[in-house]
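Chemist: Single-letter residue listing:
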Amino acid sequence: MDAIEVRQLTKDFGNTQALRGASFSVREHEIFGLIGPNGAGKTTALRILSTLISASSGKAQVFGFDVARQPEKVREILSYLPEDAGAYQMLSGLEFLEFMAGFYSKDRAEMKRIVDEGRKISGLGERLSDRVNGYSKGMKRRLLIARALMMKPRLAILDEPTSGLDVIQSFHVRNMIREYADTQGVTVLLSSHNMLEVEYLCGYVALIDGGVIIAEGTPEALKERYGGKNLEDVFMEVTKSE
Amino acid sequence: MSNLWALIVKEVKELVRDPKILIGVVLMPIIIFPIMGAAIQVSQESVERAIMGASFAVYTDDKGFVTEALLGYLYTNNTVVPIEAGSLEEALIAFKATDSSALIYIPRGYHANVTLGQRGVLLVYANLRNLNMAETQSTNVVTSLINVYNYYFSITKIRNLLEQTSSVGTPEAVRSPIGIRYASILKGNVLDVSPNAIFSLVMGQSIMLPIMVMMMVVFAIQMAATSIALEKEQKTLETLMTLPVSRFTILAGKLSGSIVIALAGSVSYLIGFGFYINSAFSFVPEVTTMNIDDVGIGITPLGLALVGVVIFVTLVSALAMALSVAVFADSVRSAQSFTGALITPIMIPAIVLMFSDIEMLPQSFQWIMLAIPYTHTIIATKAAFLANYAVVVRSILFISVWTVVVLYVAAKIFSTERIITARFTFGDLGKRLRLRRHAS
Chain G
0 MDAIEVRQLT
10 KDFGNTQALR
20 GASFSVREHE
30 IFGLIGPNGA
40 GKTTALRILS
50 TLISASSGKA
60 QVFGFDVARQ
70 PEKVREILSY
80 LPEDAGAYQM
90 LSGLEFLEFM
100 AGFYSKDRAE
110 MKRIVDEGRK
120 ISGLGERLSD
130 RVNGYSKGMK
140 RRLLIARALM
150 MKPRLAILDE
160 PTSGLDVIQS
170 FHVRNMIREY
180 ADTQGVTVLL
190 SSHNMLEVEY
200 LCGYVALIDG
210 GVIIAEGTPE
220 ALKERYGGKN
230 LEDVFMEVTK
240 SE
Chain H
0 MSNLWALIVK
10 EVKELVRDPK
20 ILIGVVLMPI
30 IIFPIMGAAI
40 QVSQESVERA
50 IMGASFAVYT
60 DDKGFVTEAL
70 LGYLYTNNTV
80 VPIEAGSLEE
90 ALIAFKATDS
100 SALIYIPRGY
110 HANVTLGQRG
120 VLLVYANLRN
130 LNMAETQSTN
140 VVTSLINVYN
150 YYFSITKIRN
160 LLEQTSSVGT
170 PEAVRSPIGI
180 RYASILKGNV
190 LDVSPNAIFS
200 LVMGQSIMLP
210 IMVMMMVVFA
220 IQMAATSIAL
230 EKEQKTLETL
240 MTLPVSRFTI
250 LAGKLSGSIV
260 IALAGSVSYL
270 IGFGFYINSA
280 FSFVPEVTTM
290 NIDDVGIGIT
300 PLGLALVGVV
310 IFVTLVSALA
320 MALSVAVFAD
330 SVRSAQSFTG
340 ALITPIMIPA
350 IVLMFSDIEM
360 LPQSFQWIML
370 AIPYTHTIIA
380 TKAAFLANYA
390 VVVRSILFIS
400 VWTVVVLYVA
410 AKIFSTERII
420 TARFTFGDLG
430 KRLRLRRHAS
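Chains as they are written, first to last, in numbering that gives the first Met the number 0: chain G, 0 to 241; chain H, 0 to 439.
Isolated chain H (complex conformation) (with noise of 0.2 Å):
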């Protein structure tokens, strides 16, 4: 058995026996998310039954068959509550003592308007007993079902008028005469299929491998800073570094663990947040049955094997660097707060390369944000599902630079005795500032 394959036994079951670890990294997304998902589904299901149960008021002060046609329309397939009442005051003090949420009014002279050519207009009220989403909704299914008597009514009615003028013409085109179709053009290729549409399969998909990346950078930080705390709090870390064994080795066993440990947890998120997905959108219907490949932008087994070395690169030079920090902590506790610090330099490129493209940001700003090595992870990852290999290469280039200097670092602080005499706390911050403050 290898000393590095022994080191890194070690590193993982120190890990994952730690209750804390074990629990708060490896259990609890695969805990957590299917219940947030399930406490969703469960909110969004009563919703609906209660917006498919629903049922709305109608009074009307009007008649005319125009009205009559409407009150047929609402009165079929619906469950529709009849106010009777002498006027609208007594009419909604009826509709209030209903269990609807909705009343539609049909005022007098909707008959003689519509009939005269004019705008008939119709009163929605809502009744907002609890103000709670089932309310608005009744509202909504209310408006639509006007909204397509509407665009019936209106079709018909211009049907008539093109006979009646002897015009040409379609009435959907009278109604509505300029239409428009979407196509995009990617990767140099046409494709019949709106940007928007493109945009939410990109989101869906290669968009979430960099925020995984990310999630599992994060994870992997924490391993490596909780990793080497643990030998400082539990009194090993001099035994440690006194065996016959090389400072780099004790360095990758420790990094190889933290790896592994974060592929644990970041497979338990995958699973948590998949099983969060599909229980708390499952009410959503499906908008699109393109998938990723059949637009072109599906990732290649080139494009995979890089976004493999962007993930390995980004991954060491993160753990390389919160092991450097860890250091200088001299608890558990200590060193997460540390790592607290490194985590935001991974997170921001992270949230703000989500929403827009590199490009897109004020020019000062793409400067800051591409000397932030792992902006780069991002761009890389992104690139490679649009097979733009050259960016690829160059962002590995440039995080390999920075994990190269990184774990030079970290290879000269595990050296030296700076590993056993380094420490820093925040109440050395208050007592050097105190310091000067007396000082000046």
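Same shape as in the complex, but just chain G (with noise of 0.2 Å):
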């Protein structure tokens, strides 16, 4: 079973349609990489996928839950991470990890597991104990992504996981996603602009413009097809194409 289904996606916002007919698919234990220009829909597919708005058509699954018909469903597997979420900014950032815990957790014990997880990925130390008002930009992005990864949920919808972080943050993040993937048998849809963290990151790619996927496949496929020597050469090309 696929991890992710999307056939003929459609999505209306008044007179704009942000996705127009969208379908790929995301193999189970995969990371799969949605890459496009801004505006080409990548974020609103996303949010369809994260049950948090509905597709005016088509039809989108998550481990064969309908995100439509049984969104509880679904948000019981996944852990969606917006591009530009933040955290409560009068917790701490270990408040702010049990908060995010409880949700996931039976017991007590089990949500100390989940929030020792999530202390490991953050790598913030004692800086957990302080409120996230205080935290920098970087430090807030890898409590988010603390937050999406450490309850190992079956699929991880992150969108430009590493927006905002530098060369370092955005290496250990990268690892920490590749790491979970890899042996947490964490399913991964991310979006981003990095061609080079999608080239290092994902397995499969798909290209989306204009609500439409235009492009799909591995990175060396489509770098084969396309004639370019790494995913930002295909990016170029299959864009000027369309």
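What the hints contain is simulated information worked out from the structure, not anything from laboratory work.
Think of the CB as a built atom: it goes at the ideal place given N, C-alpha and C, for glycine as much as any other residue.
Do not take every clue at face value.
Here are the simulated distance ranges between beta carbons [to be verified]: (1) G:Phe12 <-> H:Gln335: 25 to 33 Å; (2) G:Asp1 <-> H:Val403: 28 to 36 Å; (3) H:Ser1 <-> G:Phe12: 30 to 38 Å; (4) G:Lys105 <-> H:Ile39: 54 to 62 Å; (5) H:Met132 <-> G:Asp129: 54 to 62 Å; (6) G:Pro36 <-> H:Gly339: 40 to 48 Å; (7) H:Ile347 <-> G:Asp129: 41 to 49 Å; (8) H:Val403 <-> G:Ser53: 23 to 31 Å; (9) H:Thr299 <-> G:Ser55: 55 to 63 Å.
The task is to assemble the complex, starting from two chains supplied on their own in separate frames and drawing on the hints.
Modeler: Dropping the structure here:
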């Protein structure tokens, strides 16, 4: 069974058509990259899969659950990290992780295990006791990544996971994502503008533009098909021909 | 730990740790009201001191035993500044040079008029140097002194006349032949208490409750709107909405968290206001020793329980309304502007019904007022004091129906993508208006 199955998905916001029949599938345990220019429909697709908004037409399933008809089931197995997500400013980093872990744990012991995992992923150490309003942008992002991965969801949807992070922090986050996919069996759907990041992380990539998927395949296959040295060349080539 | 409890704890932590809310809602009433009360007390005490130490001047142009008797009364137990002068003009100049604010002038002919059974007229000059309260009060002190003298003087004269004419009756009855005694019928019982005394008692106690309820509702509305706007401003709403917890639980968490802070704000307001009343009006003597239970309008345990239900349904509906509206705001500031529009229909019934009854209003206005659900909160709390439980239950039913409607709307908004996509700013309104103008 595919982790994600999207068929002929459309979404209208008034007169604007954000998605115009997008279709793609994500296999279980895979890191799948959804790339495209600004306004291509990436975030809209991720928001539909995360049950935040509903599609105008088409089908979207997560591990066999229909996102429109069974949103509660979908929310139990996924973790979504929005691009410009924030954390509760008046809580400490630890309180934030504890609050979030509470929704995924049956008892205190399980909650502690999840929070300890979150501590490890964030790498924030003692600073976790400080209130979030004193964190730098990078620290906040690390906390949010930790929040998204600590409960080892079956599916992690990460919108621009390294946005706002410096080179070292981005490296740390990328390794975390890879480790969780490889060792914990987490399926990852991510979107990014950073083509090197996508090439490094993703086993499969779909290029979206104008609300439809215009190319997809493994990074190697795409480079070969479009004659590019890297995904950036592929991206430029594909969007130019479109 | 249940999901709802976790959400409530988070809400309370977020709101109470925000300095704007902690200071503005919880601490400010406790600090500001006692300061206001103390300021009024200091000013009142200084006026009192000024009145107590106030002297008045006396100048007389008249002679005779009637005048002497009046002077004897004025000079006893009062600080009097005697003015020695050849004429009234000189006397006024001398008076202006003193610290006194009032001058009693006994003109020539006072004694003669009184002895001839005519009215003796005195002149009181008030020297208004600074136009403050103490100056006018010293004139009042002089007036009171003369009124007391006037009363006993007239009673003595009437007694003498009654004796001379061998008439029956008492001097007091001749002076004021008709007296009034008040009684009030309350809840079918006749009480030897004036309606004014009962009203001031009810004003002081049972009216305060609905006002406090309304204050709490206003606080809660602000809290709820702030809470949802904070989620949008901090970009946490999307994460919250993808958690494995029902949208209704999230809504209930927000409602409950806001109620907790609103309760804290109301208690703080109550304590602060209590300090204010105690200190600001400490100079006012107790007019009545009556207790609200003595006149049979104390609230019964059943009435109190019903008031609790009224408060609960009122709060839930107001909060659901605030959350539904705040969803359209993109920041805390705009959420607070939106809630301003909600607070008006809540405060209008509270203010109107504080001084009058719904039946006393013009028919059309009555219908408008009755259509506002929060009018029934005031009607119900007042009725609970008078043990009109049928009215209380009717009001509870009305507010409950409204609560269900508003809660349904809020739950709908929370369960759809509107919670994420809804946006409304005053800029949008301006743009729409401009577009309409262009189109026409």
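Chemist: Hints numbered earlier in the text: which of these fail when held up against the supplied structure?
Modeler: 2
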